[in-house]
Amino acid sequence: MRAIKGVLLTCDTAVKQILLAMNEKDPFIIEDLDDYHIVIKADEEYRVRKVLEVELEKNTYSLEAS
Amino acid sequence: MPSVQALSSTPSDVPQIVPHALLPFLRSQSQNTLTRLYQRPSSCLSILRLLGPLERQLIMNLLWLESAIPVSTMAAWVVPDGKKLYSEALSVLVGLHIVQNSTVKLALNPTLKSSLRQAITGGGTTASFGVPAERDEKRLPVGIDSLDAYALERWETILHYMVSSGQEQLPTKPSQGVLYLLQRSGLMQSTNGSNLQITSAGFQFLLHSPHDQLWSLLLQYLHMAEERQMDLVEVLSFLFMLSTMELGRNHHSCSQEYTADSLSETQKAMLEDLRDYGLIWQRKGSSKYFSPTRLATTLTCHSPPLPTSTTPGTSATTSSTEVALSSTAGPQGFIILETNYRVYAYTNNPLQTAVLNLFVTMKYRFPNLVVGMLTRDSVRRALGNGITADQIISYLVAHAHPQMRKNNPLLPVTVQDQIRLWELERNRLKSAEGFLYKDFASQADYEYVLAYAKQLGVVLWESPAKRSFFGTLEGHANIRGFIERRSGAS
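Line by line, the protein sequences give chains A and B. Taking full-length UniProt numbering, the leading residue of the first sequence gets 1, the next gets one more, and so forth. Taking full-length UniProt numbering, the leading residue of the second sequence gets 1, the next gets one more, and so forth.
Hints are computed from structural coordinates only; laboratory data are not their basis. One or more of the hints may lead you astray.
[Said to hold, decoys possible] Sample of chain A residues facing chain B (criterion: CB under 10 Å; computed from the structure): (1) Met-1; (2) Ala-3; (3) Thr-10; (4) Leu-20; (5) Leu-33; (6) Ala-42.
Bear in mind the structure is a predicted one, so any value in this text is a computation, not a measurement. Idealized CB from N, CA, C, for every residue including glycine.
Throw the hints in and build the complete structure from the sequences for me.
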C-alpha cells in the first residue's frame with residue numbers, strides 16, 4: 001500500500017481536458033483518477049490555477065471589449 | 001414621555017424575523033451585568049423593542065402578574081403547532097435573564113419587571129430617558145433638518161471613505177476614532193504603507209442597510225469599550241437612552257436638547273465618539289448640551305435611520321410601512337434593472353454611485369441619473385473583492401425603484417441567474433489537500449481501510465475498481481496509525 005501526498009482537484013470534464021493539455025507542457029499531475037478528479041502536486045496548485053484562469057479567459061467574449 | 005408608539009408599529013410589516021445583532025452580545029454578558037442594566041427603564045424598553053414579536057408578547061403577558069405562574073398554565077395557552085416557537089422564544093428570554101430559569105414557575109426578572117412597568121407607566125426619577133435641557137432664549141434651537149443633514153453628512157463621510165479607499169481620489173477623512181473602529185472591525189486594513197484599504201468584509205458591509213451597518217459598528221464599539229475598561233452597563237444604557245430620546249420634542253420643527261450634566265463620566269466620554277459617528281449633535285465640543293440625531297433615536301426601532309439625501313428632511317414622521325427594505329435611499333428605491341443588464345439609477349448621491357460602481361460598469365452620468373451595465377467583468381471584479389452574488393442581488397432588490405416593484409419576480413430572472421452563473425464560473429475547480437492511498441495488497445485490505453476512513457468521515461474520493469481512495473490531510477495521521485497497528489498485529 002502507498003500513500004501519496006497531493007491535492008485533489010474536482011472539476012468538470014472540460015476543465016479536466018485543459019488540465020491534461022497543460023500537463024503535456026509542464027507535468028504536474030500525479031494521478032488521473034476519473035473524468036472529474038485528478039491528483040496534482042501540492043506545490044503546483046497556485047500555478048495551475050493561474051494558467052487555467054488565463055486559458056479560460058481566452059474562451060470568453062465581453063461586449064465591453066468590442 | 002418617551003415614544004412608546006414604536007412598540008406597536010414594529011411587528012407585522014417586517015417580514016423576516018432575524019434576531020437583532022445586539023442580542024447575542026447581551027446573551028454573552030453575565031447575569032450581574034444584565035441585572036444592573038435592567039435597573040434602567042429606558043434600557044428595558046429598548047431591549048423589549050429589539051426582541052421578536054413572540055418574546056414581546058410573552059413579556060407583556062408576564063409583566064403585570066404579581067406572582068410567578070406555573071409553567072403548565074402558560075403552556076396550556078400554546079397550540080401544538082406553536083410549541084417549538086414558544087420554547088425557542090422562552091429560551092431566548094431565559095438566556096437574557098429576562099425570565100427566571102425555572103422548570104416549575106415562570107416569572108420575570110424582578111428588576112426588569114419594575115423598570116419596565118416604570119417605563120410604560122411613567123414616574124420615577126431615574127433620569128434614564130435623559131434630562132431635557134431648560135429652554136434658553138440665548139440658544140437658538142436647531143432644526144430637525146439640520147440635524148438630519150449633520151447625521152447624514154457624518155455617516156456618508158464614513159461610508160464614502162470606505163468605498164473610495166481603493167481608488168486614487170481621496171475623500172474627506174473621518175476622525176481618528178472612526179478610522180480605528182473601522183480597522184478594528186476588520187472592515188478596513190492598512191496593508192503596505194499607512195493608507196487604509198477596504199477589506200472584503202468592508203465591501204459586504206457597504207451593501208447592508210444603514211441600520212445593520214450602524215449596529216455592527218456599535219457592536220465593535222462595545223467590544224472595544226470592554227478593553228478600554230469602560231463600564232459596559234454605562235455604555236449600553238447610554239445607547240439605549242439615546243434610542244428612546246426624542247427628535248424634535250417641543251416644537252415640530254426644532255430639536256430637543258438634553259443636558260449632559262446627569263451623565264456619568266463614561267457617558268460623557270462617549271459623547272465625543274458618538275458625535276464622530278453622527279449619532280449626537282453638539283453646538284461645541286465642550287457644550288453641556290447635546291441633541292440625538294435620527295441615527296440615534298432609531299437605534300431600536302424599524303424607522304429608517306437616515307432621511308433621503310436627495311430630499312433632505314422629509315416629514316419627521318415617515319411612515320414605517322416601507323422601511324423594512326429601506327436604506328440610504330430612504331423608503332424610495334432608485335434602481336431600475338432591465339433584462340438587457342442595463343442599470344438605471346435615479347440618484348445624484350456620490351455615495352450611492354460609488355457603491356453601485358462596485359459591481360456595475362458605469363456608462364453615463366446625468367444630473368439625476370446614472371446609467372451603467374452589469375457585465376461579466378464588473379461582476380467578477382465584485383466577486384473578486386469578496387462580495388457574493390446573493391449580496392449583489394439583495395442590494396438590487398432592496399433598492400429597486402417603485403416601478404420595478406410591479407414586476408414579479410422583481411429582478412429579471414435572466415440577470416439574476418447570470419450573476420449566479422458568473423459566481424459559479426469562478427469555482428470551476430475545487431481543490432482539497434490530502435493523501436491518495438493506492439496499491440493495496442488485496443481487495444479485503446482496501447475495503448478494511450476504506451471502511452475505517454469512512455467512519456472518520458475523511459474520504460473525498462474512492463474507486464473500488466482502481467483500489468484506491470483520497471483522504472483529507474486531517475485524516476492522514478489516523479489512517480496511518482490504523483494501518484501500522486494492523487500490519488504490526490498480523
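Tested hints:
no.: 1; hint: Met-1; result: holds, 5 Å
no.: 2; hint: Ala-3; result: holds, 5 Å
no.: 3; hint: Thr-10; result: holds, 4 Å
no.: 4; hint: Leu-20; result: violated, 14 Å
no.: 5; hint: Leu-33; result: holds, 6 Å
no.: 6; hint: Ala-42; result: holds, 6 Å
Checked against the numbered hints listed earlier, the structure breaks hint 4 alone; every other hint is satisfied.
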